[in-house]
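Asker: Given the structure of chain A, go ahead and fit chain B onto it with the hints provided.
Just so you know, the protein sequences line up as chains A and B, in that order. Each residue of the first sequence is one higher than the one before, counting from 1 in this note's numbering. Each residue of the second sequence is one higher than the one before, counting from 1 in this note's numbering.
In short, the hints are calculated from the structure, not lab data. It is possible that part of the hints are untrue.
Coverage of chain A stretches by chain B, computed from C-beta distances (three or more under 8 Å per stretch; other residues unrestricted) [claimed, not checked]:
hint : stretch
1    : 16-22
2    : 179-187
3    : 202-213
From the structure, some residues in chain B lie toward chain A, with a derived Cβ separation under 7 Å [to be verified]:
hint : residue
4    : L53
5    : D82
6    : A84
7    : I116
8    : M117
9    : V118
10   : K120
11   : F212
For every residue, glycine included, the Cβ atom is placed at its ideal position computed from N, Cα and C.
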Amino acid sequence: MTTTGQTAPPAPRERIQAVPLRHPGRWVSAAVLGFLVIFLLQGWVANPRMEWKVVGEYLFSPAVLSGLGTTLLLTLLAMLVGVAGGIVLAVLRMSPNPLLAALSAFYIWVFRGVPLLVQLLFWYFLSAVVPKIGLGVPWGPTFFEVDTNLIITQLTAAVLGLGLHEAAYMAEIVRAGMTSVDHGQTEAAHALGLTRFQTLRKIILPQAMRVIIPPTGNQVVSMLKTTSLVFAIAVPELLTSIQGIYSRNFQQVALLTVACFWYLVATTVLNAGQHYIERRFSR
Amino acid sequence: MTTLIRAEGVHKRFGALDVLKGIDLEVAEGEVLAVIGPSGSGKSTFLRCINHLERIDAGRLYFRDHLIGYEERDGKVYELPDKAIAAQRVDIGMVFQRFNLFPHMTALENIMMAPIMVKKEPKAEVRERAHALLTRVGLADKANSRPDQLSGGQQQRVAIARALAMRPDLMLFDEPTSALDPELVGEVLDVMRDLVREDGMTMIIVTHEMGFAREVCDTIVFMDDGVVVESGPPGAVLGEPRHERTRAFLSKVL
Numbered sequence: 001m002t003t004t005g006q007t008a009p010p011a012p013r014e015r016i017q018a019v020p021l022r023h024p025g026r027w028v029s030a031a032v033l034g035f036l037v038i039f040l041l042q043g044w045v046a047n048p049r050m051e052w053k054v055v056g057e058y059l060f061s062p063a064v065l066s067g068l069g070t071t072l073l074l075t076l077l078a079m080l081v082g083v084a085g086g087i088v089l090a091v092l093r094m095s096p097n098p099l100l101a102a103l104s105a106f107y108i109w110v111f112r113g114v115p116l117l118v119q120l121l122f123w124y125f126l127s128a129v130v131p132k133i134g135l136g137v138p139w140g141p142t143f144f145e146v147d148t149n150l151i152i153t154q155l156t157a158a159v160l161g162l163g164l165h166e167a168a169y170m171a172e173i174v175r176a177g178m179t180s181v182d183h184g185q186t187e188a189a190h191a192l193g194l195t196r197f198q199t200l201r202k203i204i205l206p207q208a209m210r211v212i213i214p215p216t217g218n219q220v221v222s223m224l225k226t227t228s229l230v231f232a233i234a235v236p237e238l239l240t241s242i243q244g245i246y247s248r249n250f251q252q253v254a255l256l257t258v259a260c261f262w263y264l265v266a267t268t269v270l271n272a273g274q275h276y277i278e279r280r281f282s283r
Numbered sequence: 001m002t003t004l005i006r007a008e009g010v011h012k013r014f015g016a017l018d019v020l021k022g023i024d025l026e027v028a029e030g031e032v033l034a035v036i037g038p039s040g041s042g043k044s045t046f047l048r049c050i051n052h053l054e055r056i057d058a059g060r061l062y063f064r065d066h067l068i069g070y071e072e073r074d075g076k077v078y079e080l081p082d083k084a085i086a087a088q089r090v091d092i093g094m095v096f097q098r099f100n101l102f103p104h105m106t107a108l109e110n111i112m113m114a115p116i117m118v119k120k121e122p123k124a125e126v127r128e129r130a131h132a133l134l135t136r137v138g139l140a141d142k143a144n145s146r147p148d149q150l151s152g153g154q155q156q157r158v159a160i161a162r163a164l165a166m167r168p169d170l171m172l173f174d175e176p177t178s179a180l181d182p183e184l185v186g187e188v189l190d191v192m193r194d195l196v197r198e199d200g201m202t203m204i205i206v207t208h209e210m211g212f213a214r215e216v217c218d219t220i221v222f223m224d225d226g227v228v229v230e231s232g233p234p235g236a237v238l239g240e241p242r243h244e245r246t247r248a249f250l251s252k253v254l
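Chain B on its own, in the form it takes in the complex:
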């Protein structure tokens, strides 16, 4: 299996605050990885570094052997221009906690916008794919609805379809169910589960849904205070945690 994401000693600081203090991590193609940990542990920040929504301060972060947001030549690291960073993001889909659908567009337009604007794909083809994606997330009849006419769960499913329309190689989920009413969590998790089973999509999921992580993920990474405390298969990390911090966290959430 090829490695899709490789993090080596990734550091990130906001002002005086060290948020990431050296993250080492590998994600193989087809792997589903859950990142868990208390709030403020840096897990969302790490996820956002992967598509350069945050720039890292030290270490190296690779996507398919290319540095993310930078370029390394002759032993020097160069910042990439806006356009090159945008091009890197094309292969990485992202789903946000607060959905972030574009409120001035219908569900269908939300999905169609990026493939047409960014990839310059023919409109008819994109429209067909957008309808297929809406059907897949169970919202075939909501193509012409605007985000404010949809429930949180429906908005998040449109947001997943929007990311999938770019045919990404990697999907990032930043607490995709944390902003949802409890009865709407299941419909979003169903879509994500389907993505793993049907497409074998590579996914990195920051989540508090331990049951879902145990069921779907290949690897669980527990982060605390800007470092990876432990990682491994769900049975090991959730079942027999080796570190005191992991045990303390799990005793609160399980």
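Only chain A is shown next, with the shape it has when bound in the complex:
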């Protein structure tokens, strides 16, 4: 025995053919879940009182589709107001002018602090306290004025309510994006003779977009669902249309199923878009 202890036997080079580890817990949980799913589906899908015929009937009905269109339009307009307002608020918040910074902070405090539903109702009933909106010198002559009700229609009240509320949240997102840009960028731009505003527009905001866009995608998806709140001021969006139909035929659950279907379709499409955008901007 002269070789023992000198060299270890060489490790075998073929692929390891190990016996796989058993996962009994997975089988048990699959069985339990499967049972629950079948039980719930049976109670919903196969429920004779659940009128699937009604769901099919209204899924593509003009009233529902037009409601969906209004929902999408409202999402778009409210986000436009929200993003534009958010950028302005963030720039003011970071302004060296203490008054403007305080104004922005105050705005954000108010619009994040008051429930959105209250804000929507507030804009809707604005005409009760401000019956006329016009242009003129305060306490002086007025050049023109119109009834508040003519300008603040249900749709504008909804866009204002959703958009101004969104702006407060977007402001924080934009601010986070702007502070993420290295201060050396500002110094380099200033050293080249750019003014503060030029630096903001050409150097800071384009770079902040990387950080701003992904959470903004989230906000769009969230906004799409939040628009359903405006049924409280009777804007004919998806939920309001659905509600209008079931108040006549009393098929609440069937019609709310139609609403769920369209909200899910829209959020799925938006989520896919957001996923694509996030991949693009994470590079």
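Answerer: Frame of chain A, contents of chain B only:
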């Protein structure tokens, strides 16, 4: 020779910390000046005061007989508005330790941006000049590269070209090679040397490259603890330093 920069008793403090404690200095047109000294001596801060990236707290700092960042009328000093400060900076180029190229633009766009945005020069003319500058710093083939595709040395050379595109009268270099890998230092120093020899550019260089300072600079200023300890031609300051602090510093870096 006309005086380009004149500092008289320049003070700067950050909170409770006195960073500059009375700097007196003159830089003539065409002069190349190196500022050396230990870290924390205030040399970078002084450089940043020259284009008003930092505002001075006391004393006077002149560029071509105009106060930098301020205006003096009827015995009173007034702050200048943002636009006037930006206009003052147009004639002063600056190169940073960390390059600070704009990452969302190509090398060419980095160079072209300021002449178009600030000086409103015609785009075609600026493009031509930008290409010429890239050729000059040896990066003609990198016009369409983005900063993250370039090495540190290449980025710093683009940064120099970017500053030169504004046709400045004075170039400030804030430790331009300190963030570079050792083998990339030479290519940046070559560009700076060329700028002195070909253009006779007035330059103020904060640096730790003593060999380069000795070779290229007309004057060396040694700063320590917020004051100018001594200044003079490289042979005198580096060769026969008169002050103990200078000797102590040089014994560590040479």
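Asker: Would you mind marking each hint as holding or not holding in the structure?
Answerer: Evaluation of the provided hints:
Counting residues of the stretch 16-22 of chain A whose beta carbon lies closer than 8 Å to any beta carbon of chain B gives 0, which falls short of the minimum of three for the stated coverage. Counting residues of the stretch 179-187 of chain A whose beta carbon lies closer than 8 Å to any beta carbon of chain B gives 4, which reaches the threshold of three, so the coverage claim holds. Residues of the stretch 202-213 of chain A lying with their CB closer than 8 Å to a CB of chain B number 4, which satisfies the three-residue condition for coverage. For L53/B, the interface hint holds, the least distance from its beta-carbon to any beta-carbon of chain A being 6 Å, beneath 7 Å.
The interface hint given for D82/B is met, as the beta carbon of that residue sits about 5 Å from the closest beta carbon of chain A, less than 7 Å. For A84/B, the interface hint is violated, since its Cβ never comes within 7 Å of a Cβ in chain A; the closest pair sits about 10 Å apart. At its closest, the beta carbon of I116/B sits 10 Å from a beta carbon of chain A; the interface hint therefore is violated under the 7 Å criterion. Because the smallest distance between the Cβ of M117/B and any Cβ of chain A comes to about 6 Å, under 7 Å, the interface hint for this residue holds.
Residue-level restraint check for V118/B holds (minimum Cβ-Cβ distance to chain A is 4 Å; threshold 7 Å). Using the Cβ-Cβ criterion of 7 Å, the hint placing K120/B at the interface with chain A is not satisfied: the shortest such distance is roughly 11 Å. Of the supplied interface hints, the one on F212/B is violated, with its beta-carbon coming no nearer than about 22 Å to a beta-carbon of chain A, more than 7 Å.
Hint check: violations occur at hints 1, 6, 7, 10, 11; the rest are consistent with the structure.
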